[in-house]
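Respectively, the protein sequence lines represent chains A and B. All residue numbers for the first sequence refer to this note's numbering, where the first residue is 1 and numbers rise by one. All residue numbers for the second sequence refer to this note's numbering, where the first residue is 1001 and numbers rise by one.
Hints were generated in silico from the structure; no laboratory data involved. Only true hints are included.
Quick list of simulated restraints, FRET-style, between CB atoms: (1) A:N138 to B:E1090: 50 to 56 Å; (2) A:R19 to B:E1110: 41 to 47 Å; (3) B:G1163 to A:H108: 33 to 39 Å; (4) A:R37 to B:V1027: 23 to 29 Å; (5) B:R1031 to A:Q87: 24 to 30 Å; (6) B:V1027 to A:H108: 39 to 45 Å; (7) B:E1198 to A:N150: 49 to 55 Å; (8) B:R1031 to A:R16: 39 to 45 Å; (9) A:G151 to B:E1090: 42 to 48 Å; (10) B:D1161 to A:I262: 20 to 26 Å; (11) A:D202 to B:D1136: 29 to 35 Å; (12) A:A54 to B:R1031: 39 to 45 Å; (13) B:E1088 to A:N150: 46 to 52 Å.
Pulled from the structure, derived: some chain B residues nowhere near chain A, Cβ distances all over 10 Å: (14) M1092; (15) P1102; (16) Q1125; (17) N1172; (18) A1197; (19) V1200.
Sample of chain A residues facing chain B (criterion: CB under 7 Å; computed from the structure): (20) M1; (21) L2; (22) A3; (23) R5; (24) D45; (25) S70; (26) E71; (27) E94; (28) G96; (29) D202; (30) P204; (31) I262; (32) D263.
Every residue, glycine too, gets a C-beta built ideally from N, C-alpha and C.
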Amino acid sequence: MLARRIIPCLDVKNGRNVRGVRFSADKDAGDPIALARRYDAEGADELVFYDITASAEKRDIVGKLVRRVSEEVFIPFTVGGGVRTYQDIRIIIEGGAEKASINSAAVHTPEIITQGAESFGSQAIVGSIDAIRRPNSNQIEDVRWEVVINGGRTYTGRDALEWAEELVDRGAGELVLNSIDADGTKDGYDIELNRMVAERVDVPIVASGGAGGPEDMYAVLSEGKASAALAASIFHYNQYSIAEVKTYLAERGVPVRPKIEIDLT
Amino acid sequence: MIAIVNYGMGNLRSVQKAFEHVGAKAVIVDRPEDIDAADRVVLPGVGAFGDAMSNLKTARLITPIVRAISEGRPFLGICLGLQLMFAESEEMGQHRGLDILPGKVKRFPEGQRVPQIGWNEVRIQREIALLEGVPDGSYFYFVHSFFVASERDEDVVGVTDYGIDYVSIAGNDRAFGVQFHPEKSQDAGLKILKNFAEKV
Chain A
1 MLARRIIPCL DVKNGRNVRG VRFSADKDAG DPIALARRYD AEGADELVFY DITASAEKRD
61 IVGKLVRRVS EEVFIPFTVG GGVRTYQDIR IIIEGGAEKA SINSAAVHTP EIITQGAESF
121 GSQAIVGSID AIRRPNSNQI EDVRWEVVIN GGRTYTGRDA LEWAEELVDR GAGELVLNSI
181 DADGTKDGYD IELNRMVAER VDVPIVASGG AGGPEDMYAV LSEGKASAAL AASIFHYNQY
241 SIAEVKTYLA ERGVPVRPKI EIDLT
Chain B
1001 MIAIVNYGMG NLRSVQKAFE HVGAKAVIVD RPEDIDAADR VVLPGVGAFG DAMSNLKTAR
1061 LITPIVRAIS EGRPFLGICL GLQLMFAESE EMGQHRGLDI LPGKVKRFPE GQRVPQIGWN
1121 EVRIQREIAL LEGVPDGSYF YFVHSFFVAS ERDEDVVGVT DYGIDYVSIA GNDRAFGVQF
1181 HPEKSQDAGL KILKNFAEKV
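Chain A with its partners taken away, still in its complex shape (with noise of 0.2 Å):
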């Protein structure tokens, strides 16, 4: 049965962890190699890295650090945060990065899922969706969700689920759902949010933003109908190791894919 999957994000910058944290006397806490290791080791389904490097090296930046994690990690993982054009996911996949996620610039500019799409398989390419509630009317039940870009300054009027609908027409593969009201707050995933793009597309969705702890993510990944969890804090500051949430999702049913020993010596 396949498993759901438990997604460590890694935030980085100039080639270095935004959020460096010590986590072993002799590594460095600032290399997202040694981190993206140690989380491949404590049994991390796959990685995403979100590159917020904003100088005119980005692009050697982003192919220089994807090279390297496809060196020393043998699991998939993905790569956002200002991927605007085919060259920058194309730097991305041919550099042994299986998807490149894509947000504010689909908005901008459509064509380019469906491009990367085209080039690379849908496989690759994943649409990203930074989602905000707002009142649908005076009804306090009645939200909907409007898609947000820029980090969540800029409003775009769209509708999140009808967003959602179109990235997948247009060959995304899968689809992180970011919420904007959850994020940072630790309170748990937008449980429904979830749940209604996951009933409306085919396509596997990966539920961001909020995760305070494994019971968060039990409850997306079962009543959100999400596939995969996606946590960055609670992993870096060491509240919950992988191993700590797979359990906990194992014991109430989840599948989780368990660690085991192979010997390769």
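Given chain A, put chain B in place with the hints provided.
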């Protein structure tokens, strides 16, 4: 020498790096003579079946691949590479494959999210050198919308459940294919590549 066949179907760098990681030298090749010169041949690939066959044909790679297999040189198909080993595919029209194994490539039935993306379990049906030290029920990373339906039971080496039970490892003698990506399946996948380089 292990030859990784490059025919314009997806990124091969990860496969090469994974072999390097387990101490095996693998080179990416795209000429018929390079396949003829190889001790072991790996056919990876991601993308459409029809495009893959037409790329192999244009690059004159079909004959050297079939020759390597018939001469008993170890062969490993990965993902689309496994599907290409079969006789035909129904992916966007009917296409002929390399016809090394009898059977068909089919699309997953309705009711499951397609493509299947993620880690799934392989139930081993038959002990082979490729799987030495790989526990039954190990998880591997899959990304695919089509699966192989083998005509011969003896070609079925591993089975996986995605709504239906389908063949995730197939082959015989020294030619095998895996539906998952061993180069992205952590230690279980690396073990398979190591076995391929050393034991098959």
